[in-house]
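Residue numbers (the numbering used here), protein chains in the order written: chain D, 4 to 319; chain W, 4 to 319; chain C, 636 to 906; chain R, 37 to 323; chain F, 2 to 383.
None of these hints come from the bench; they were simulated from the model. Any given hint might turn out to be false.
Heads up, simulated EDC-like pairs for lysine to aspartate or glutamate below, C-alpha to C-alpha not over 20 angstroms straight-line [to be verified]:
| hint | chain 1 | residue 1 | chain 2 | residue 2 |
| --- | --- | --- | --- | --- |
| 1 | D | 98 | R | 317 |
| 2 | F | 318 | F | 342 |
| 3 | F | 377 | F | 222 |
| 4 | C | 736 | R | 317 |
| 5 | C | 901 | W | 125 |
| 6 | C | 901 | D | 16 |
The following label-pair restraints were derived from C-beta to C-beta distances [stated by the list, open to error]:
| hint | chain 1 | residue 1 | chain 2 | residue 2 | range |
| --- | --- | --- | --- | --- | --- |
| 7 | D | 294 | W | 247 | 32 to 42 angstroms |
| 8 | C | 764 | W | 17 | 52 to 62 angstroms |
| 9 | W | 199 | D | 296 | 20 to 30 angstroms |
| 10 | F | 315 | C | 700 | 51 to 61 angstroms |
| 11 | R | 40 | D | 58 | 47 to 57 angstroms |
| 12 | R | 170 | F | 203 | 52 to 62 angstroms |
| 13 | R | 46 | F | 51 | 43 to 53 angstroms |
We put the CB at the ideal spot given by N, CA and C, even for glycine.
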Amino acid sequence: MDFRVEGVSHSFEGQPVLTDITCGFRQGELFSLVGPSGAGKTTLLSLIAGLLSPQAGTIRYAQTPDLNAPIILVYQDFILFPHLTVADNVGFGLKARKWSRATRRNRVEQMLRYFQLEDKADAFPAQLSGGQRQRVAIARAMVVSPAILLLDEPFANLDRSLKMETARFIRSTQREFGMTTVAVTHDLEEAFAMSDRLGILLNGRLRQVGPPREVYFHPQDLEVARFLGPVNPLTPATTADLLPPGTDSPSKASFIRPEALEVEGDANGPGCIRDIHFAGHYIMYTIDLRGQEIIVYSQQRVLEIGQRVRVRAVQA
Amino acid sequence: MDFRVEGVSHSFEGQPVLTDITCGFRQGELFSLVGPSGAGKTTLLSLIAGLLSPQAGTIRYAQTPDLNAPIILVYQDFILFPHLTVADNVGFGLKARKWSRATRRNRVEQMLRYFQLEDKADAFPAQLSGGQRQRVAIARAMVVSPAILLLDEPFANLDRSLKMETARFIRSTQREFGMTTVAVTHDLEEAFAMSDRLGILLNGRLRQVGPPREVYFHPQDLEVARFLGPVNPLTPATTADLLPPGTDSPSKASFIRPEALEVEGDANGPGCIRDIHFAGHYIMYTIDLRGQEIIVYSQQRVLEIGQRVRVRAVQA
Amino acid sequence: MRPLAKQNRWYHILFFLGVVVLFCSPVVVLVLSSIGPHWQFPHLWPQEVSWEPLNTLWNQRLPLLRHLSSSIGYSLATVATTLLMCLTPAATLAHSHFRGKTLLEGLLLTPALVPPMTYAMGLHVAFLHTGLADTFAGVVLVLSLFSFPYMLRPLVAGFEQMGTSYGQCARNLGASRLRTALEIELPLLLPSILAGGSVVFLVAFSEYFLVFLIGGGSVESFTGFLVPLLQSSNRALASACTLLFLLVPLMLFAASEGVVAAYWRKRGAPI
Amino acid sequence: MTLRQILRLAPLLAPFGILLAGGVGLTVAQSLGVLLPVPVPGGPLEGYRAVLSAPGFWETCLFSLGVALASALLSVATGTWLGYALWRLPPQMRRLGIVYKLQLILPHLSVAFVVLLFWSPTGILASVLYQLGLLEAPDQFPNILYSGYGLGMILAYTCKGVPFVMLLVLALLARFDRRQLATARMLGAGWWQTARYVLYPHLRPATHTSFIILFLYSFGAFDIPFILGESRPGMLSIAVFNRYFKSPLDKRPEAMAMLVIMFLFAATFIVLYGRIVRHIDNAARKL
Amino acid sequence: SEPDWRTKDFERIIEAARGTTVRWYMYGGWPHVNEWVDTYVAPAMQERYGISVKRVPMNAPVFVNKLINEKSAGKDPGTIDLVWINGENFKATKNAGALWGPFAEQLPNWQRYVDPSTVAQDFGFPTKGYEAPWGRAQFVLIYDAKRTPNPPRSAESLRRWIQDHPGRFTYPQPPDFTGSAFVRQLFYATTGGHEQYMDGFNATLYARNAPRLWEYLNGIEPSLWQQGRTYPQSSATLDTLFARGEVDFSMSYHPPHAQNKILDGTFPASVRTVALANNSIANTHYTAIPFNAPNKPGAMVLANFLLSPTAQLSKYKPENWGDFPAIDLDRLDQSQRRRFEDVDLGPATLSAETLAEHAVPEIPIGYLEAIEADWKSRVLTN
Ligand SMILES: Nc1ncnc2c1ncn2[C@@H]1O[C@H](COP(=O)(O)OP(=O)(O)OP(=O)(O)O)[C@@H](O)[C@H]1O
Ligand SMILES: Nc1ncnc2c1ncn2[C@@H]1O[C@H](COP(=O)(O)OP(=O)(O)OP(=O)(O)O)[C@@H](O)[C@H]1O
Ligand SMILES: [Mg+2]
Ligand SMILES: [Mg+2]
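Same shape as in the complex, but just chain D (with noise of 0.2 angstroms):
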């Protein structure tokens, strides 16, 4: 179901959260809201819920939420009822919809072993670890197929691969069923993988929303680009080092990834590596630059720290 926020604020106690605003959400789409601690994606999905009622502005369905076309959201901490079993937390949105015991086991059972959670199905929810929790509450809403699903850092608590499962199938039941999810995270790399378009709240304002790749290529302003990862912002003095000769400084383009960059061990070059840390898949080298820290995501194993390097933009 498609839904449209506008001109939403909201404050606590007269601290404003969320200021004004206004965001169409398409049938079927899988939205992700990203923004730093406190910015009010918590505060966003209560009021899209209806759990709140905006102090401005209004949110419009294309349809009257009802049973079978319910808005479920997934709290950040979960709200299991304490005292059903996994598989009657889970079975819970069935039950009101007046399934029949043998189907709603069935439909539960499906749903526990797609979540891994089929031996824990008679464990309470106290006697879960905390991804288990997680997965639980995932799995609760997902049963009912809402017609509007909002996810509070659903991958929270899952490993990489739980997490990149679960990501597919929500994606995947989300297509199926064209229920429009609105999911907050943090883990921006699940963000741009998964969603069709990103919206980042800072400071209780929406500040731009679209597609993962523009929204990460071609950030509004400065703000938005730090928020989504690092950035090497380039100054004239920079600009000579890192972009090959005779580029001009792009106009637009103020700054340049770390990924866009390479860097290669030279004696001579202009640049002397200060840290270096490893995150796996790549390694994060931090730079001096004639006096300017840039950062460089590299493959490059061999350097080390305090060694002369050269700095380049990569030819995409």
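Starting from the structure of chain D, add chains W, C, R and F with the ligands where the hints point.
What follows is chains W, C, R and F with the ligands alone, placed relative to chain D:
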């Protein structure tokens, strides 16, 4: 303080959760414990913290933990005291150590400033966002300079920049006071970047312990390797395609990581692009290489689904 | 599905008025019957007003105040005693499991639920031998002995709900057992303590037989004043006295409730 | 039970033991005809025999049980609902809602008197009906208080019981996360499902405890029957009261025997209740 | 150790009591009585003897239980100096050895004003000087002259009245004190008067006579309030029913009760009382001293004062209480007697002469127990 976990096993209701864990932890190191959800990470931390008694095995501390050299656990779900303000939560440990009001206030203020919580000093936990709560929990633990700091998913609810700052702060405090830190995390990048050593817990067993690079590049077996990131198994058939001609299929490494491969458009190439995932600073290509699925991380932006390509190992 | 945040105001106001009428009407009736001793069918309120009962009360104000303060004294002391008695046992009952726990929990309810005569005589003899009879301490003790279940139950429920993690966390941060109890657990248990304390206070404040048997009249009690009136047919004076009786716990409750509610509201909890 | 647990339970076990040994002990002894203030002829079981064979004893028992059961059920159901509904009110109204405590404070005797004033054929309700023209004379008013079904006592006990249940329920609700209700609503749960599977489990400690307390209390107390009690069948508590306070001392064994029987009944009831409830809750747990 | 005050001269006792406190345990449900004690007795005692009187309200069954326990625990001294007592409670405490005495005959006012024959027995149980009289009571029916201009005055006419006015009469369920007394009166009336029972309990006599009582009671039962399905559990409830107009009669063991109720506004001014002809049970109420009374001299002085003509007169005045004197008015001098005769008891209270005319003594306690027990099986459950 250094300590040793020796042959520790634990089970819940007859279900073994940890089996025969043995590992030494070194004074002042930052040890990351990674493993899939439900592997028993939280349980292991609780055992180290002394909140659970191991059902088998022992934990030996170099010196008995006490008020001046405490073991502090930061819970996965924070457990902030709901009736105390942020400042009082953070100052609680100091109060227990009978610090005077003034010195306490100074120290707490400094801590809050560090975690960007100054303006929330008088707020109560119910008025905080998820990430704010997490920061309060970490601040509350760090403020008493623990001899052993145990962190359960300290970054789960933090955005990237807060995560990095927090990691850096933990790292520097930890170095300064020589406090041994064990952190459970799902964020492998962060784990690689900040830890001295990594421990990989799969199915209740500690499968491998070592510095991040060692573990990443020389995983003990395919299971560990897979957990740390996607791997492309090397079969005789693919080896020919991926490795430079003349290279023998390496006997030990039977797989190759996605970032160690390069992809290039080539109308006559053996591969065909199946799927493309944009993930910010890299792009994940899923490539069908003569019937086998190969994952490649690349900066290449020009390729499209269906295009024929050639894949090769990069020279490091 | 109607938006969850929208709440039906009229329904709330109607319900609220209903509650007020339901619970206040007895008091209104008591007020009317205290000034209208001869209030009869079919009048909705007394036709003639008599200040006689209030006059009598006023004439008795000094002894009344004395009795009242004695009652308040031993009732508050009983609340404190039961709280001390119940804290650790309630934590134990809430957080540990052993064989026969349910049975024990059940048996611990009995003192409040059987007629006090069941153990009054035996206790009196025991108190006579230990010199507790006819003393303030004796009265507090006997009241605690039979009203503690009203404190125990809410406390156990409160401990169960609180879980062990707050205590663990505080201990982990280096707090002593005492500090953990005082600064962490007690505030979190406050709603339960308030609930239990209210009932214990009321039970102690309303008890007649035990206070007289053990206190022997040397510990004065307001019920000693009130109960004979209630048992007699002087309804007007009984009503007036009941209203006076009502006043003390009411003020106490309003005060404690206000303090606790403000305490938790400030902390963002849904009280 | 470990020694540690026993030690931690000691602040209750010790006084409870004294109460049982010292208090109930003497009662048992006197019921068996020993340690009496004045010697009474008859064998040790004479008291029990006299009590159990007294005319109408079993009828009285059943009637007392019925009154206790009805008033406890009614109180728990109404009190839980009212407590929950009060908790749902907007904060200002909720705070004023503590007027519910008024009836908690009123002594039982006063409540009985108020019930009498309201429901008797010449009472306030009758007056209201009369003023509305729906009633011409008191004798047209339905006979509620002394109809032989204990309705008056049930009403009075319910008046006292409802605020008691509300108190316990509200104490538990104070720490209930409203988002659980929101989640249930979002998942489409109706009124019953939410109440049964989300709210009830949370309130269970309060409802069961208050049921036991109210049931046994109304079974054994005599303040309300003193005013609203009926003769046929009478309340067991009045029978005890009369034997204890209004009879010569040679009736003491009988009085004590009745008290012992009631004590045993209370203990048995609590144990059985625990078993039954656990059974029912476990059976109902499977959704 | 304490001197034996029973052998001491009363002057010495007064001397010893000066400056002490006497704790008097008494029923507290009558505000006017409380007030009389607080505003008349206490100041008078203070003024005359320097004794401060402390009234402790406590129902008799409670202090009876307390005393019996103290006796068995051997607690001495206790806390109670004087109690207001009679009937079964006296018997229970006396039998348990919890009373001190004899002391009554030693009181100067007892010697001067009491007719020993009237206080030799309390419900047929010999008093033996263990209690001193201080008031008299007699059973009366209470009715509203407006509603019932011609009240029945005998058992027989009462039966007819009840049957003619179904639902308008009831009595408190024995063993309520008042209800039980009402049934005892009917026992006298239906079986040919009280004289035959005065020599103590006679089982065969009882077995022969009682059926007539049951017949009477069962005969009126269908015409009682609520068709006799139920009886009020206490006389206070009956008062309330009467005050609200649900029944036409109340009853009391205290002749001034109706007048008191008119004064405090519970009953309308048109309420009157009536005694059943030649068949109105009267009894005496007493003060007694517990075995462990800490201040026995003070208690004796108070008991003696209560028997003084001034105290008795004050008590007799309806605005104070209206309780009938326990002293023999014939033993007073002329002027004193005049003052008693001049007391206006109020329109609702029968005159002393009328009452005396119809008075009959209480029945021995054995009959009382038998009647109460059998009322349950013969009237209630049948
Ligand atoms: N009930 C409340 N009372 C007062 N302030 C609140 C309340 N709930 C949230 N806030 C404040 O509103 C702001 C936004 O909160 P919100 O939970 O929406 O943040 P968020 O974007 O979800 O953050 P996070 O990523 O850390 O969860 C925060 O500064 C928070 O302190
Ligand atoms: N109290 C308990 N009772 C029963 N089983 C439990 C209990 N606590 C944990 N478990 C089980 O033990 C296993 C390990 O739990 P643990 O919390 O240590 O996992 P974890 O590695 O921390 O997972 P996550 O990353 O999801 O937090 C899980 O399968 C969990 O269900
Ligand atoms: Mg949030
Ligand atoms: Mg965990």
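Status of the hints after comparison with the structure:
1. Restraint check: the Cα-Cα separation between residue 98 of chain D and residue 317 of chain R comes to about 18 angstroms, which is no more than 20 angstroms; the hinted pair holds.
2. In summary, the hint linking residue 318 of chain F to residue 342 of chain F is supported, as the alpha carbons are separated by about 11 angstroms, within the 20 angstroms threshold.
3. Of the pairs offered as hints, the one joining residue 377 of chain F and residue 222 of chain F holds, with about 13 angstroms between alpha carbons and a cut-off of 20 angstroms not exceeded.
4. Taking the CA atoms of residue 736 of chain C and residue 317 of chain R, the gap is near 18 angstroms; set against the 20 angstroms cutoff, the hint holds.
5. Between the alpha carbons of residue 901 of chain C and residue 125 of chain W the distance comes to roughly 11 angstroms, so the proposed pair stays at or under 20 angstroms and holds.
6. Under the criterion of a C-alpha separation no larger than 20 angstroms, the hint pairing residue 901 of chain C with residue 16 of chain D is consistent with the structure, at around 11 angstroms.
7. The hint said 32 to 42 angstroms for the Cβ distance between residue 294 of chain D and residue 247 of chain W, and at roughly 40 angstroms that hint holds.
8. Range check, residue 764 of chain C to residue 17 of chain W: Cβ separation about 53 angstroms, and the 52 to 62 angstroms hint holds.
9. Range check, residue 199 of chain W to residue 296 of chain D: Cβ separation about 24 angstroms, and the 20 to 30 angstroms hint holds.
10. The beta-carbon spacing between residue 315 of chain F and residue 700 of chain C, approximately 27 angstroms, falls outside the hinted interval of 51 to 61 angstroms.
11. Judged by the Cβ atoms, the range 47 to 57 angstroms given for residue 40 of chain R and residue 58 of chain D holds: they are separated by roughly 54 angstroms.
12. For the hinted restraint 52 to 62 angstroms between residue 170 of chain R and residue 203 of chain F, the CB-CB distance of approximately 58 angstroms keeps it satisfied.
13. Between residue 46 of chain R and residue 51 of chain F, the C-beta spacing of about 52 angstroms keeps the proposed range 43 to 53 angstroms intact.
In this structure, the one hint that does not hold is number 10.
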